[in-house]
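If you want the building blocks of each chain, they are given just below.
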Amino acid sequence: MLYHLAKEIDARVAAVENAATAGEALPLVTDIGAGLGAVTVDGSGTLVSIDLDRDAMATQTGASLAGHVLRAVNRAETAASRRREAMIAEAAKEGDFR
Amino acid sequence: MSTPRSAIGDLEVVRRQAGELDDRLAAARHTSRSPDGLITAVVTGQGTLIDLSIADRALEGPHVQTVGIRIVQAVTAARDAARAEALPQLNALFGKQPPPPVDGPAAGRPTAHHHDSVPSPGQQSPRGTRASVSADDEESFEELDFLSLDEPDERGGHW
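From first to last, the protein sequence lines stand for chains A and B.
Residues in the first sequence are numbered from 369 upward in steps of one, following the working numbering.
Residues in the second sequence are numbered from 54 upward in steps of one, following the working numbering.
Bound-form chain A, shown alone (with noise of 0.2 Å):
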């Protein structure tokens, strides 16, 4: 009966850890507003990239195009971060074995 519960543990554990690694693997991509482009961030919310139009570019100041990317950004990571939480909690239910 250890060995079991055992076993199951172990599954539960691998269970998270992929969804973990996978998690931090998908990459999750915020449009910034106002027709500006967007930001991309890896699945841990770290940073990556951010794409901007010019033309939409044109229509801002440094101060008015400084805050949509702050708020980009940061939407992008809560998400990614919010999205990654969310699947582990989802592979440690699937792992239920009661």
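Honestly, the hints are just simulated from the structure, not real lab data.
The structure presented is a predicted model; accordingly, all values stated were derived computationally and were not measured.
Among the clues, some could well be false.
Claimed, not checked - To spell it out: a stretch of chain B is covered by chain A in this simulated footprint if at least three of its residues, at any positions, have a beta carbon under 8 Å from a beta carbon of chain A; those stretches are:
| hint | stretch |
| --- | --- |
| 1 | 105-117 |
| 2 | 124-135 |
What the hints assert, rightly or not - Have a look at the derived ranges for each label pair, beta carbon to beta carbon:
| hint | chain 1 | residue 1 | chain 2 | residue 2 | range |
| --- | --- | --- | --- | --- | --- |
| 3 | B | Ile122 | A | His372 | 50 to 56 Å |
| 4 | A | Asp423 | B | Gly72 | 43 to 49 Å |
| 5 | B | Asp76 | A | His372 | 40 to 46 Å |
Here a beta-carbon is modelled for each residue, glycine too, at the ideal position from N, C-alpha and C.
Given the coordinates of chain A, assemble chain B onto it according to the supplied hints.
Okay, now just chain B, sitting in the frame of chain A:
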């Protein structure tokens, strides 16, 4: 080997210290500029981006297309600075030497049982430190004897 009571006491001390470190990191600020100096990013000691400044001049001229790249450079540099400052503090808190030589010498580390308390509530490690911290968690779990908790006669025994 420590008793369960002293181990819990140690755990509480580490948790409190982790909370204090978390507060210090949240209050810290690290500023970095893009190579041309026109874009400035400010992050907390935890790596959270809290301010971004773009000079109007950055939106003029032929290099306007590289604004995105320069923003990323500034943010990354600020986060690198935050991590460089936070890492020694995290290492000190969890009893690690700054330059970890591969991951072998975990055995015999006197504070291995402290590592369960790494993620204090609401604590966010600076980006990039997560891997090393979680690697330690795995090592400490290997050292713990979870099965002994299932034995009814082992109350007050070892962890």
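Cross-check of the supplied hints:
1. Judged by the Cβ-Cβ criterion of 8 Å, the stretch 105-117 of chain B is covered by chain A as claimed, because 9 of its residues qualify and three suffice.
2. Requiring three or more residues with a Cβ within less than 8 Å of a Cβ of chain A, the coverage given for the stretch 124-135 of chain B holds, as 4 such residues are present.
3. Evaluation of the 50 to 56 Å hint for Ile122/B and His372/A yields a pass: the beta carbon distance comes to about 54 Å.
4. Our hint of 43 to 49 Å for Asp423/A and Gly72/B holds, since their Cβ atoms are close to 48 Å apart.
5. Take Asp76/B and His372/A: their Cβ atoms lie about 44 Å apart, and the range 40 to 46 Å holds.
Checked against the numbered hints given earlier, the structure satisfies every one of them.
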